[in-house]
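From first to last, the protein sequence lines stand for chains F and D. Add 1186 to a position in the first sequence, counting from 1, and you land on the number used in this note's numbering. Add 1186 to a position in the second sequence, counting from 1, and you land on the number used in this note's numbering.
Treat each hint with caution, since some may be false.
Chain copies aren't distinguished; within one or between two, either way the pair holds.
Said to hold, decoys possible - The list that follows gives simulated cross-link-like pairs (lysine-lysine, DSSO-like), each with its CA atoms no further than 30 Å apart:
#, residue 1, residue 2
1, K1365, K1269
2, K1188, K1291
3, K1357, K1300
4, K1467, K1365
Don't read these hints as lab results, they were simulated from the structure. Given the structure is predicted, the values throughout are model-derived calculations rather than measurements.
Number of protein chains: 2
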Amino acid sequence: MKNIREIAKLSGVSTATVSRYVNKRGNTAPKTGEKIQQIIDKYGYNPNKLTTAIINGRLNDIGVIVQNVSNPYFSQLLDEITKYALLQNLNVVICNARGSRAAEKQHYQELTSKRVSGIIVINTTDEQTYLNCSIPLIALEKRILDFPKLKVDNRKGIQLLINNFSNLNQKKLLVIKSKTSNQSSKERISEVETKLNELKVNYQVQAIDDNFEDIELANVMLKKYDVVMCWNDMIAHAIVAKAINENIKLGEELEITGFDGLKLNNIFPYKLTTIHQNISKLGEESFSMLLELINNKQIQDVILDVKIEIGNTTKQ
Amino acid sequence: MKNIREIAKLSGVSTATVSRYVNKRGNTAPKTGEKIQQIIDKYGYNPNKLTTAIINGRLNDIGVIVQNVSNPYFSQLLDEITKYALLQNLNVVICNARGSRAAEKQHYQELTSKRVSGIIVINTTDEQTYLNCSIPLIALEKRILDFPKLKVDNRKGIQLLINNFSNLNQKKLLVIKSKTSNQSSKERISEVETKLNELKVNYQVQAIDDNFEDIELANVMLKKYDVVMCWNDMIAHAIVAKAINENIKLGEELEITGFDGLKLNNIFPYKLTTIHQNISKLGEESFSMLLELINNKQIQDVILDVKIEIGNTTKQ
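Kindly produce the complete structure, drawing on both the sequences and the hints.
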């Protein structure tokens, strides 16, 4: 696969000519068009990699509005989005909404007044903010009106985790979710219900106050359970810490699972069993979807695949 | 202490009148000036809290350029800066340089072309980028030319850590620093040298490859040492994980210390002995210094105090 610059070089024409030809704008001399088409047929052409808007210098900054910059999952994702943008010499400006509707709206208005070329919104607090939005927008995690959405396969993640436990219907299971739930967590709980009812497993659900590092677990009675499934890796780590402090043997007396696959998991003194979301791919894909949208392409919602990472917080 | 709005209300005049009076711009009727001065004398006046620029609506966005948004120390700091800006109804746009000089320069040029009112730079990669910078700028962590700088008291932090060990001159000590060092880490190593030589302690220094979560420790031989002092909390957590995996007893056979006091430390199954930097105060102070600079005040470099947090990774 070649990008537009490479196609132009191989065809012996300018990128503007390739752009005119592939986008059917203006006239291309028949012979030139034929030559370009030959090269495209031979090497393949990936219009995502470098858009005509970038080439023509019409592209401004990309704005990213994030629910909370200090959440490790989001900050890792922001870094990946920036990485792909910088590879294209594009600037990303990040706006931290801190979970506030008013702040999200203010950031949105500022971004549009500065004429950014597109916006990526990570876990919006209020989709109504974007009611009259006329610039390209990609929603991550949480749907925004009719804008294209990118997320991971939450249902498959839950299935992989549940299938990994043995004899689950003989075990006491606790599911811990955050009080501040979003669409992803709703999908996860719905899949938990479906799957556990199907397997005739008894389970309890507990909602906790959770603000990333500030996770309130005083009312979680670990000794009553054999398995604790947690909404995300941060909650899982807090549960592991509580289990260790209560002298509960990880993986043997108590099995604990997370959901995210954070890079941060590397510096803990155990390997957490979790669902690996490809955060790098999420960053690349959200940026690439936004570029297509900016170039007036029709795009579909995208659901990224997930895989399970088996650690030593579950039975070996 | 009252802010300008409160002083205006108590004096029965507009904030613009208070602003004119305190900044000695234009004329204030003698009687009005007298009244305002009485209120200021009675309640005190804190001009930091709400600047005249904000009141007059002349203030645009604040730009923050950060070395790496996915570093937990920086993302916590970014969140604090945003918090204080939002309290003043000001927007912060965050630019992630990813440790690249080219990206930092590009971000800087974009920010200035969009006419931000001021910039905070967290750990610059290249101070030369800002050679012709004519807008207010605050440097965090690493100095930038003659711009005002804000940092924590690194030397005191090292002194507190060293004073907390007992019989250090009978112990084998390893100091672990990151290969990607900055000004803060230079100050820390210099203070380590001064202090340990003074106490006649033998020690070794090892520089490791460290990219936040990717910390390369294969060549660190923990069993040879009694004490490991780490450059930051992330490295300390990685060392603790290695010690636990090598069945070394924390605090007894091996003492480990960090430096940062991250909120993230809460979800680990032990309490790290570390230096608590007041990251919330760093956020508030950097924002407040920038506002003073925007209002043409002369400001000095600021060094914030630190304290020690004793955990169970050192002898009780």
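- Message: Tell me the numbers of any earlier hints that the structure contravenes, in ascending order.
- Response: 3
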